[in-house]
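Chemist: Working from the sequences, and respecting the hints, build out all of it.
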Amino acid sequence: MEFSANQIAALVNGTVEGDGDITVNTFAKIEEGHPGALSFLANPKYAHFLYTSKSSVILVSRAFELEQPVGATLIRVDNPYATVAQLMTMVSELTAKRHTGVEEPCHIAPGVDVPADAYVGAFAYIGEGVKLGAGVQIYPQAYIGDGVEISENTIVYAGVRIYPGCRIGAGCVLHSGAVIGADGFGFAPLPDGSYSKIPQLGNVVLEDNVEIGANTTVDRATMGSTRVRKGTKLDNLIQVAHNVEIGENTVMAAQVGVAGSTKVGSNCMVGGQVGFAGHIHVGDRVEIGAQSGIPGNVDSGSRLMGYPAVDARDFMRQTVYVKQLGELVKRVSELEKQLKSK
Amino acid sequence: MEFSANQIAALVNGTVEGDGDITVNTFAKIEEGHPGALSFLANPKYAHFLYTSKSSVILVSRAFELEQPVGATLIRVDNPYATVAQLMTMVSELTAKRHTGVEEPCHIAPGVDVPADAYVGAFAYIGEGVKLGAGVQIYPQAYIGDGVEISENTIVYAGVRIYPGCRIGAGCVLHSGAVIGADGFGFAPLPDGSYSKIPQLGNVVLEDNVEIGANTTVDRATMGSTRVRKGTKLDNLIQVAHNVEIGENTVMAAQVGVAGSTKVGSNCMVGGQVGFAGHIHVGDRVEIGAQSGIPGNVDSGSRLMGYPAVDARDFMRQTVYVKQLGELVKRVSELEKQLKSK
Amino acid sequence: MEFSANQIAALVNGTVEGDGDITVNTFAKIEEGHPGALSFLANPKYAHFLYTSKSSVILVSRAFELEQPVGATLIRVDNPYATVAQLMTMVSELTAKRHTGVEEPCHIAPGVDVPADAYVGAFAYIGEGVKLGAGVQIYPQAYIGDGVEISENTIVYAGVRIYPGCRIGAGCVLHSGAVIGADGFGFAPLPDGSYSKIPQLGNVVLEDNVEIGANTTVDRATMGSTRVRKGTKLDNLIQVAHNVEIGENTVMAAQVGVAGSTKVGSNCMVGGQVGFAGHIHVGDRVEIGAQSGIPGNVDSGSRLMGYPAVDARDFMRQTVYVKQLGELVKRVSELEKQLKSK
Numbered sequence: 003m004e005f006s007a008n009q010i011a012a013l014v015n016g017t018v019e020g021d022g023d024i025t026v027n028t029f030a031k032i033e034e035g036h037p038g039a040l041s042f043l044a045n046p047k048y049a050h051f052l053y054t055s056k057s058s059v060i061l062v063s064r065a066f067e068l069e070q071p072v073g074a075t076l077i078r079v080d081n082p083y084a085t086v087a088q089l090m091t092m093v094s095e096l097t098a099k100r101h102t103g104v105e106e107p108c109h110i111a112p113g114v115d116v117p118a119d120a121y122v123g124a125f126a127y128i129g130e131g132v133k134l135g136a137g138v139q140i141y142p143q144a145y146i147g148d149g150v151e152i153s154e155n156t157i158v159y160a161g162v163r164i165y166p167g168c169r170i171g172a173g174c175v176l177h178s179g180a181v182i183g184a185d186g187f188g189f190a191p192l193p194d195g196s197y198s199k200i201p202q203l204g205n206v207v208l209e210d211n212v213e214i215g216a217n218t219t220v221d222r223a224t225m226g227s228t229r230v231r232k233g234t235k236l237d238n239l240i241q242v243a244h245n246v247e248i249g250e251n252t253v254m255a256a257q258v259g260v261a262g263s264t265k266v267g268s269n270c271m272v273g274g275q276v277g278f279a280g281h282i283h284v285g286d287r288v289e290i291g292a293q294s295g296i297p298g299n300v301d302s303g304s305r306l307m308g309y310p311a312v313d314a315r316d317f318m319r320q321t322v323y324v325k326q327l328g329e330l331v332k333r334v335s336e337l338e339k340q341l342k343s344k
Numbered sequence: 003m004e005f006s007a008n009q010i011a012a013l014v015n016g017t018v019e020g021d022g023d024i025t026v027n028t029f030a031k032i033e034e035g036h037p038g039a040l041s042f043l044a045n046p047k048y049a050h051f052l053y054t055s056k057s058s059v060i061l062v063s064r065a066f067e068l069e070q071p072v073g074a075t076l077i078r079v080d081n082p083y084a085t086v087a088q089l090m091t092m093v094s095e096l097t098a099k100r101h102t103g104v105e106e107p108c109h110i111a112p113g114v115d116v117p118a119d120a121y122v123g124a125f126a127y128i129g130e131g132v133k134l135g136a137g138v139q140i141y142p143q144a145y146i147g148d149g150v151e152i153s154e155n156t157i158v159y160a161g162v163r164i165y166p167g168c169r170i171g172a173g174c175v176l177h178s179g180a181v182i183g184a185d186g187f188g189f190a191p192l193p194d195g196s197y198s199k200i201p202q203l204g205n206v207v208l209e210d211n212v213e214i215g216a217n218t219t220v221d222r223a224t225m226g227s228t229r230v231r232k233g234t235k236l237d238n239l240i241q242v243a244h245n246v247e248i249g250e251n252t253v254m255a256a257q258v259g260v261a262g263s264t265k266v267g268s269n270c271m272v273g274g275q276v277g278f279a280g281h282i283h284v285g286d287r288v289e290i291g292a293q294s295g296i297p298g299n300v301d302s303g304s305r306l307m308g309y310p311a312v313d314a315r316d317f318m319r320q321t322v323y324v325k326q327l328g329e330l331v332k333r334v335s336e337l338e339k340q341l342k343s344k
Numbered sequence: 003m004e005f006s007a008n009q010i011a012a013l014v015n016g017t018v019e020g021d022g023d024i025t026v027n028t029f030a031k032i033e034e035g036h037p038g039a040l041s042f043l044a045n046p047k048y049a050h051f052l053y054t055s056k057s058s059v060i061l062v063s064r065a066f067e068l069e070q071p072v073g074a075t076l077i078r079v080d081n082p083y084a085t086v087a088q089l090m091t092m093v094s095e096l097t098a099k100r101h102t103g104v105e106e107p108c109h110i111a112p113g114v115d116v117p118a119d120a121y122v123g124a125f126a127y128i129g130e131g132v133k134l135g136a137g138v139q140i141y142p143q144a145y146i147g148d149g150v151e152i153s154e155n156t157i158v159y160a161g162v163r164i165y166p167g168c169r170i171g172a173g174c175v176l177h178s179g180a181v182i183g184a185d186g187f188g189f190a191p192l193p194d195g196s197y198s199k200i201p202q203l204g205n206v207v208l209e210d211n212v213e214i215g216a217n218t219t220v221d222r223a224t225m226g227s228t229r230v231r232k233g234t235k236l237d238n239l240i241q242v243a244h245n246v247e248i249g250e251n252t253v254m255a256a257q258v259g260v261a262g263s264t265k266v267g268s269n270c271m272v273g274g275q276v277g278f279a280g281h282i283h284v285g286d287r288v289e290i291g292a293q294s295g296i297p298g299n300v301d302s303g304s305r306l307m308g309y310p311a312v313d314a315r316d317f318m319r320q321t322v323y324v325k326q327l328g329e330l331v332k333r334v335s336e337l338e339k340q341l342k343s344k
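Chains as they are written, first to last, in our numbering: chain A, 3 to 344; chain B, 3 to 344; chain C, 3 to 344.
Everything labelled a hint here was simulated from the structure, so no lab data went into it.
Values in this document were obtained by computation on a predicted structure and should not be read as measured data.
Hints may be right or wrong, so weigh each one.
If several chains are the same, the list does not tell them apart, and a pair holds so long as it fits within one copy or across any two.
[Claimed, not checked] When the alpha-carbon atoms are kept at most 27 Å apart in a straight line, the in silico DSS-like pairs for lysine-lysine are as follows:
hint, residue 1, residue 2
1, K332, K344
2, K133, K232
3, K31, K99
4, K265, K56
5, K265, K31
6, K47, K199
7, K265, K232
8, K232, K199
9, K56, K133
10, K133, K99
11, K133, K199
12, K56, K31
13, K199, K99
14, K265, K199
15, K232, K99
16, K56, K339
17, K133, K332
18, K31, K47
19, K339, K47
20, K199, K31
21, K232, K31
22, K342, K332
23, K265, K47
Modeler: Shown next as structure tokens:
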């Protein structure tokens with residue numbers, strides 16, 4: 003597909019500066035631009051690429067002031083990032099391959115109904131009593147345990163495993179290797195030092211529009227449900243332990259770990275490799291820097307960083323003080339010397 | 003299944019306080035209680051829920067003193083946590099679905115014997131020379147490489163991969179996505195800056211009653227065996243590198259990493275996201291706080307925390323001192339000023 | 003296979019000390035030596051094992067000076083580690099099982115050509131338009147999405163998932179559970195606090211001789227390619243986010259995370275559990291200690307450690323200063339007391 007700058011501007015309510023007839027057929031990052039590509043400038047850090055980018059068309063903010071002439075055709079819009087996302091979504095919807103039907107061989111337990119517009123890929127396993135909503139896409143080699151319910155239009159990519167009894171909402175995306183509903187990590191110590199397994203009788207509930215990254219694990223509850231509320235997005239390789247609850251529209255970057263029974267609020271933003279202790283409450287709209295360790299309860303609206311985590315500004319100060327510790331030690335030694343000589 | 007408080011008390015040698023005829027048919031956490039549910043109070047942090055919980059029956063310690071009247075029927079027992087675990091195990095054994103037989107299509111190499119009470123799920127792959135013990139359950143889409151031995155009653159969940167030549171003990175549980183026996187990370191640098199792969203000719207040995215969490219990886223040894231000793235429990239997304247040995251009855255929380263050739267002792271408790279350096283010895287009964295980094299050998303009985311890890315009490319002190327560093331810097335500046343003015 | 007010390011010495015250009023006729027048929031670590039095994043001494047830390055090892059033959063450096071008599075036959079070589087790697091490679095090549103042909107049932111889309119010396123295991127899924135090079139080995143249960151290209155002699159182990167459109171070079175090794183090309187983590191916030199997914203239209207390119215560890219995830223680019231350059235080795239459970247580029251011959255230990263759009267140079271060595279912030283540039287030949295957090299750009303040749311990372315020597319000093327903080331506080335209190343009394 004090829005579009006001219008004028009056509010794109012019309013679609014996104016933008017204003018063309020330069021050759022409106024120039025055409026593009028793909029997207030490229032501004033620093034990797036090439037003829038025929040559409041790029042965008044959102045992060046001011048990348049502004050210097052605007053003047054050298056080889057892209058044919060570049061989306062920029064209406065407010066952006068040029069410091070040099072630009073080779074590309076510009077399209078001025080209110081929010082270049084939102085606009086490029088909108089264009090990418092349009093292209094994605096035009097080009098995405100939507101699978102339907104059942105690929106053989108696969109295993110579908112007797113009595114399970116596959117809606118006409120759903121997809122079950124080859125080597126997928128659908129257990130007894132599974133309920134699949136309209137338009138659900140189960141990719142090859144996925145495993146859907148007995149009694150699992152998956153609501154409409156959810157995508158389960160190749161090799162996802164969902165243990166029995168879990169419930170997945172509508173419009174969710176589960177990436178390859180995600181494991182939903184494996185046993186929570188619960189063991190009772192015995193007098194001889196060994197452990198007996200505590201059965202994990204609960205399940206996992208993912209509400210609507212949840213996205214689960216590749217190889218992320220969400221364990222089933224000991225009793226009740228481990229729950230991820232609607233609109234929450236989890237990146238790859240994240241661990242969500244048994245009986246955890248994560249609120250709505252919270253985003254967590256890769257490799258975060260949330261220990262058992264912890265409740266994380268809504269609209270939080272969590273950096274990569276962060277760890278949450280178990281049995282704590284984290285409020286809403288909390289922002290946590292990468293690699294932080296959260297040892298206790300957190301108030302709504304907090305911005306934390308560090309190990310153990312403190313207010314993000316305090317962490318910055320601490321870091322500076324620690325860097326200057328050698329200097330401080332010298333100052334104290336000097337004081338001791340001076341005082342001795344007095 | 004429904005049981006009365008009197009019936010449960012008889013089963014677990016408890017004493018009923020309140021209506022002994024009230025019945026329950028499920029478990030619930032005390033803070034999520036509802037009519038018809040059995041709850042328990044073990045963690046004193048949750049004691050206040052006792053008075054408002056809607057559960058019908060609650061297990062409490064014989065020693066626990068009520069501060070208010072309670073709506074639920076209480077059953078007094080020595081150890082509420084152990085008792086609820088016992089009850090859950092009973093329910094789990096009554097309700098668990100035990101699969102047997104071979105689901106087609108699956109791949110079982112010629113000559114491999116599947117015991118009558120074992121299970122091999124659809125799309126599972128059993129390589130040449132594999133030995134399966136009585137009652138072994140191989141779930142769908144699992145991969146069992148050539149020459150692997152799995153002893154009796156071990157459960158291999160959907161999509162587990164066991165590379166050739168590994169040995170898995172009896173009564174083990176391997177959760178979905180676990181990878182046992184992938185190549186250790188060994189490369190020899192060449193003069194041109196590239197690396198040549200060092201063949202990893204050893205295997206992995208998991209002894210009896212080991213549990214391996216979802217998406218955890220245990221690499222094969224370069225030579226000899228990477229070994230996890232009996233009764234040890236590893237949570238999800240853990241990395242165990244080549245030639246590591248982990249002792250008996252050690253528990254590791256999610257996302258721990260153990261670098262190559264390190265030996266961890268028995269009865270250790272390791273928090274989430276902890277990292278162990280390679281080629282170190284960690285003693286028995288060691289407790290390590292979450293996210294700690296263990297750079298060197300550790301004596302038996304140590305309690306460590308921090309990056310790099312120190313004695314846990316020292317870590318707490320350090321944390322306080324670091325928080326007060328700004329104050330300390332001010333005090334030193336004040337001293338310098340005073341001394342100058344003298 | 004059994005070889006005498008004399009035969010081995012002839013193969014590796016070594017010099018025998020002791021009984022040249024003694025034979026070995028396996029490898030063992032020097033501290034786990036046993037009769038019939040070949041061991042080696044490379045790390046001086048292990049030198050004391052030389053005198054007690056029960057191995058029949060031990061490779062040692064020509065320069066190594068014995069402090070006691072040794073029971074084993076020694077073979078003197080220039081570089082014992084390189085020599086044992088060479089011997090292991092020879093054994094590995096003699097004993098490795100090379101699969102060829104197509105195991106049924108598998109899914110190979112119409113029109114896909116499987117070269118005569120390639121292997122496609124049972125339950126593998128090969129999508130439309132996939133291109134497979136000579137000698138490619140696709141193990142059971144692997145998923146190769148539409149339009150993927152895999153060059154000659156690459157090994158894709160059981161249960162690897164490669165999303166559509168990715169390109170894998172020659173001589174690569176992808177271990178079980180690796181996920182290549184899942185969607186990058188991109189979401190645009192909407193005014194109501196929810197997120198809309200930004201389509202991830204790019205792909206992943208792994209160049210030649212890349213090794214990807216078990217359960218490691220490499221996300222597809224938003225636009226363009228996420229790229230891992232030739233000869234780079236990634237251990238298990240690593241996260242490589244969208245639009246990341248990693249240079250040639252860089253090695254990363256397990257559980258490292260690289261956030262979006264970051265560029266890491268060539269010939270770097272990265273310890274386990276390290277995290278890289280997004281949108282940063284890391285130079286060539288950089289060495290980073292385990293668990294470090296890299297918040298910003300890094301010059302070539304740097305050696306870093308810490309959270310946030312600093313020069314490795316500074317980190318060591320900081321660590322010592324922090325340990326002595328209690329002492330420093332006491333010294334300052336003492337100064338204050340003295341000054342007050344003057």
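Chemist: Taking the hints in turn, state whether each one holds.
Modeler: Okay, the hints, checked on the actual structure:
Taking the shortest alpha-carbon separations for K332 and K344, both the intra-copy value of 19 Å and the inter-copy value of 20 Å come in at or below 27 Å. With identical chains, the CA atoms of K133 and K232 are at most 27 Å apart within one copy only, with a shortest distance of 20 Å there and 39 Å across copies. In this homomeric assembly, K31 and K99 come within 27 Å of each other (Cα to Cα) only inside a single copy, at 24 Å, whereas the closest approach across copies is 44 Å. For the homomeric pair K265 and K56, the shortest alpha-carbon distance between copies (21 Å) is at most 27 Å, but the shortest distance inside one copy (48 Å) is not.
Only between protomers do K265 and K31 lie at most 27 Å apart by alpha-carbon distance; the minimum there is 14 Å, versus 38 Å within a single protomer. For a Cα distance limit of 27 Å, the shortest separation of K47 from K199 across copies, 23 Å, qualifies, whereas the shortest one inside one copy, 52 Å, does not. Only within a single protomer do K265 and K232 lie at most 27 Å apart by alpha-carbon distance; the minimum there is 15 Å, versus 33 Å between protomers. In this homomeric assembly, K232 and K199 come within 27 Å of each other (Cα to Cα) only across copies, at 14 Å, whereas the closest approach inside a single copy is 32 Å.
Taking the closest pair of Cα atoms, K56 and K133 never come within 27 Å of each other, the shortest separation being 51 Å inside a single copy and 31 Å across copies. Proximity of K133 to K99 under the C-alpha cut-off of 27 Å is found in both arrangements, the shortest distances being 24 Å within a copy and 19 Å between copies. In this assembly of identical chains, the alpha carbons of K133 and K199 lie at most 27 Å apart only when taken from different copies (26 Å versus 30 Å within one copy). With identical chains, the CA atoms of K56 and K31 are at most 27 Å apart within one copy only, with a shortest distance of 10 Å there and 56 Å across copies.
In the homo-oligomer, the alpha carbons of K199 and K99 lie at most 27 Å apart only across protomers (17 Å), although the nearest pairing inside one protomer, at 44 Å, exceeds that limit. For the homomeric pair K265 and K199, the shortest alpha-carbon distances inside one copy (24 Å) and between copies (25 Å) are both at most 27 Å. Within a single copy, K232 and K99 get their C-alpha atoms as close as 26 Å, which meets the 27 Å cut-off; across copies the closest is 31 Å, which misses it. Neither within a single protomer nor between protomers do K56 and K339 lie at most 27 Å apart by alpha-carbon distance, with minima of 64 Å and 60 Å respectively.
In this assembly of identical chains, K133 and K332 lie within 27 Å of each other by CA distance neither inside one copy nor across copies; the values are 70 Å within and 65 Å between. In this homomeric assembly, K31 and K47 come within 27 Å of each other (Cα to Cα) only inside a single copy, at 13 Å, whereas the closest approach across copies is 50 Å. Taking identical chains as interchangeable, the C-alpha atoms of K339 and K47 are never at most 27 Å apart, the minima being 49 Å within one chain and 43 Å between chains. For the identical chains of this complex, K199 and K31 are inter-copy neighbours only, at 18 Å across copies versus 51 Å inside a copy, given an alpha-carbon limit of 27 Å.
Taking identical chains as interchangeable, the C-alpha atoms of K232 and K31 lie at most 27 Å apart only when they sit on different chains, with a minimum of 23 Å there against 31 Å within one chain. In this assembly of identical chains, K342 and K332 lie within 27 Å of each other by CA distance both inside one copy and across copies; the values are 15 Å within and 16 Å between. Proximity of K265 and K47 under a CA criterion of 27 Å is satisfied inter-copy only: 15 Å between copies versus 36 Å inside one chain copy.
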